[in-house]
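Residue numbers (full-length UniProt numbering), protein chains in the order written: chain A, 1 to 231; chain B, 1 to 590.
Note that these hints are calculated values from the structure, not bench results. Quantities reported herein were computed from a predicted structural model and do not represent experimental measurements. Heads up, the beta-carbon is just placed ideally off N, CA and C, and yes, glycines get one too. There may be inaccurate statements among the hints.
Have a look at the derived ranges for each label pair, beta carbon to beta carbon [said to hold, decoys possible]: (1) A:207 to B:466: 31 to 39 Å; (2) A:169 to B:519: 17 to 25 Å; (3) A:5 to B:525: 35 to 43 Å; (4) A:227 to B:71: 53 to 61 Å; (5) B:526 to A:6: 53 to 61 Å; (6) B:155 to A:210: 52 to 60 Å.
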Amino acid sequence: MSIVLVFLLVVALIAGWWLSRQGLTSKPWLETGEIRTTAGVGAAPAAKIGLGVFLAVVGGLFALFGSAVTMRMDYADWYQLRLPSVVWINTAILVLSSAVLQIAVSAARRGESALLLASVAAGGLSTLAFLVGQLLAWRWLVDSGQSLAAHPGASFFYVITGLHGLHILGGLVALARTGGRLRRGNDPRRARLGVELCAIYWHFLLIVWLGMLALLLGWASDLVALCRELL
Amino acid sequence: MANVSDRPDAGIPPAEVPDLPLPHPHTWWGRYVFSQDAKYIAIQYSGTAIAIGLVGLVLSWLMRLQLGFPGIFDFITPEAYYQFITMHGMIMVIYLLTAIFLGGFGNYLIPLMVGARDMVFPFVNMLSYWIYLLAVLVLVASFFVPGGPTGAGWTLYPPQAILSGTPGGQGAGIILMLVSLILFIIGFTMGGLNYVVTVLQARTRGMTLMRMPLTVWGIFTATVMALLAFPALFVACVMMLFDRLLGTSFFMPALVELGETLSYGGGSPIVFQHLFWFFGHPEVYIVALPAFGIVSDLISVHARKNIFGYRMMVWAIVIIGALSFIVWAHHMYVSGMHPYFGFFFATTTLIIAVPTAIKVYNWVLTLWKGDIHLTLPMLFAIAFIVTFANGGLTGLFLGNVVVDVPLSDTMFVVAHFHMVMGVAPILVIFGAIYHWYPKMTGRMLNEAMGQIHFWVTFIGAYAIFFPMHYVGLVGVPRRYPEIDASFITTPVAGLNAFISVAALVVGAAQVLFLFNLLWSLRAGRAAGPNPWRACSLEWQTPDTPPVHGNWGKDLPVVYRWAYDYSVPGAPEDFIAQNDPGPRIEKDVPL
Chain A
1 MSIVLVFLLV
11 VALIAGWWLS
21 RQGLTSKPWL
31 ETGEIRTTAG
41 VGAAPAAKIG
51 LGVFLAVVGG
61 LFALFGSAVT
71 MRMDYADWYQ
81 LRLPSVVWIN
91 TAILVLSSAV
101 LQIAVSAARR
111 GESALLLASV
121 AAGGLSTLAF
131 LVGQLLAWRW
141 LVDSGQSLAA
151 HPGASFFYVI
161 TGLHGLHILG
171 GLVALARTGG
181 RLRRGNDPRR
191 ARLGVELCAI
201 YWHFLLIVWL
211 GMLALLLGWA
221 SDLVALCREL
231 L
Chain B
1 MANVSDRPDA
11 GIPPAEVPDL
21 PLPHPHTWWG
31 RYVFSQDAKY
41 IAIQYSGTAI
51 AIGLVGLVLS
61 WLMRLQLGFP
71 GIFDFITPEA
81 YYQFITMHGM
91 IMVIYLLTAI
101 FLGGFGNYLI
111 PLMVGARDMV
121 FPFVNMLSYW
131 IYLLAVLVLV
141 ASFFVPGGPT
151 GAGWTLYPPQ
161 AILSGTPGGQ
171 GAGIILMLVS
181 LILFIIGFTM
191 GGLNYVVTVL
201 QARTRGMTLM
211 RMPLTVWGIF
221 TATVMALLAF
231 PALFVACVMM
241 LFDRLLGTSF
251 FMPALVELGE
261 TLSYGGGSPI
271 VFQHLFWFFG
281 HPEVYIVALP
291 AFGIVSDLIS
301 VHARKNIFGY
311 RMMVWAIVII
321 GALSFIVWAH
331 HMYVSGMHPY
341 FGFFFATTTL
351 IIAVPTAIKV
361 YNWVLTLWKG
371 DIHLTLPMLF
381 AIAFIVTFAN
391 GGLTGLFLGN
401 VVVDVPLSDT
411 MFVVAHFHMV
421 MGVAPILVIF
431 GAIYHWYPKM
441 TGRMLNEAMG
451 QIHFWVTFIG
461 AYAIFFPMHY
471 VGLVGVPRRY
481 PEIDASFITT
491 PVAGLNAFIS
501 VAALVVGAAQ
511 VLFLFNLLWS
521 LRAGRAAGPN
531 PWRACSLEWQ
541 TPDTPPVHGN
551 WGKDLPVVYR
561 WAYDYSVPGA
571 PEDFIAQNDP
581 GPRIEKDVPL
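Produce the complete structure using the sequences and hints provided.
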């Protein structure tokens, strides 16, 4: 469970840092009167904070899968998953779509609506390409004798990529709605916020993907072993 | 020295918090059924939770009938008994307690108590309820499939949970259970995001975190915990569903069943236990923290005294929330673990008793020299403190490895967790309903019926669970469907029968409570806007029950904390949070 504990430690540090700025040592029973502070986490829109909290939940979910993988790895029947090269192409595509959405964010800030629309569309299409690529990877795995129940490494690969893909699909729905809003152009502020939130979500899912890949390929085992030594 | 600001100007600008766009329903369906108003969603959540809770109650009756009078009821086969246990546990812990505290009280109280018009994402909030309802329906459906619901025990431990020897293991029972849990978690996450972000971003002006009522602190912290803990159950359920349906071996070791070698191999049931209890232990506090918060408010209001040690209460809530994530393996002492791990988890378990004890002392000190009104909410609150202390003390027994090992799997454990997370939070739920029902409906609940309900429930709960500790100490195992006189001594058999009768009586008292809820809707005494003369914001709404948007034209402005009771020199014995009030020098030494 070390991965999820480390993840929770990070969440706790962020929460603790935030709480430390909330006047938790004040004495409310003495401090009567108006307090002219704006409530909330700065002036960030609720949707952004909501996304932040949601990412903590999703992060916890995948950290738990990470923990499950490392625990299951210790058993005798674990052997290394072999992955097709299409996985690397997929990874590159996901990096690309993440970058393209970042371009969209800066285009939105500068008010370049043509570039904004183009980059949102490119981001969506490249992400679809990523999902198709993942399906190809599944196909390759089945063909190479690593079907779902063949060995635990493969089982984890299907489950984790499946859930990751579902999260990406959800993101694509949000991106499509943002794209629609951009095209109609009747609520530019909300559309801009939407682009920004999508970009954050994409970066996050990219990091999750890289982490999961490293774990499933066994690269993270060395790190885990090191941590165990330290503990 | 006191830090008192001048009386603010008369013309206060409207709250600085931007009003969120409120969806305004135009149809009857939009207003009452597919409502996006947190207050309606709260009532929907509570109604559904109580309805499924009644099923859980009946299941507990059936179990007790079998335990108290073994061999008499033919229809309670061992398989049926296991199904009753499993569904009773799962329904009570998840579909009743979690749903009613967070979905019910969270939805009703958070916006009102922090001075918001509604939750920040009303549509997602509505979806949360409907997915919860779907989860409940899927759960109920498992009673009607061939083979019936799962009988794996509420912990659903593999490998037995998905094998043919367990009721529902090879039927649809376990599948529906897992699907229902997955749905519940998805629905809860939607609601939970709302509760957290509403507390973070939608507090009205002047409502600093340290001015929030402890109810909001409890629900807020519990929601954060639930958002981080439920994914562990989600992961466990998804993986077990794969094991059951698609033949993977995440949790399933190599097995021979009825002489036949199964296709599983190499999996680890212990991995499931880690995941389950990584959710399961925080779950105890997900239920307890809202109860802690609510009971703090009930005691303060009905003792007409500010809560003792507010700051420490807040810190204790946060510290308990954090610590509860590093104690999970104390549920796994008998699964076999490295002694140092056992030592670590026993230590963290005992450490968590420190902030919990601080809370208990603070409640008692709030009562000390208070102007105690023995109203129904107060009776339930005091009953909670006693019960929680009792259940907590037996927790100290079970938290220690050497004591836990012999007591594990006996009725002692059953008595312990029912006291601490069954009876205690339920008492708070009752107290809270008696307390806030006047705000929700504009009418008081009937006092006489309430008194009967309280005394029967309180004394009855002790009649059930006190003897059960003894039954456990003499070694009666839990989970055995038939314990007749050939297995236990006659006095213990007598106690078992006594417990069963008490359980039937306590259950019957809950019917009276439900009748009271309905009867008082029409016939209850009119309550007025603030019958308990309470300070917190929900009692200061312009309408009772609060209407859509809660606050009329302008959001309230908060000038003080939620506990200004019996302030010397004040004209009344309470000063509302949104009352700029007379300037009172609180020149008290620190």
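Okay, the hints, checked on the actual structure:
Taking the beta carbon of each, residue 207 of chain A and residue 466 of chain B are about 53 Å apart, not inside 31 to 39 Å as hinted. Restraint check, residue 169 of chain A to residue 519 of chain B: a C-beta distance of roughly 50 Å breaks the suggested window 17 to 25 Å. Taken as a hint, the range 35 to 43 Å is violated for the pair residue 5 of chain A and residue 525 of chain B, whose Cβ atoms sit roughly 53 Å apart. Hint check: residue 227 of chain A to residue 71 of chain B, Cβ distance near 56 Å, so the stated range 53 to 61 Å holds.
Taken as a hint, the range 53 to 61 Å holds for the pair residue 526 of chain B and residue 6 of chain A, whose Cβ atoms sit roughly 56 Å apart. Checked against the hint of 52 to 60 Å, the C-beta distance between residue 155 of chain B and residue 210 of chain A comes to roughly 34 Å, which is inconsistent with it.
When held up to the earlier numbered hints, the structure conflicts with 1, 2, 3, 6 and fits the remainder.
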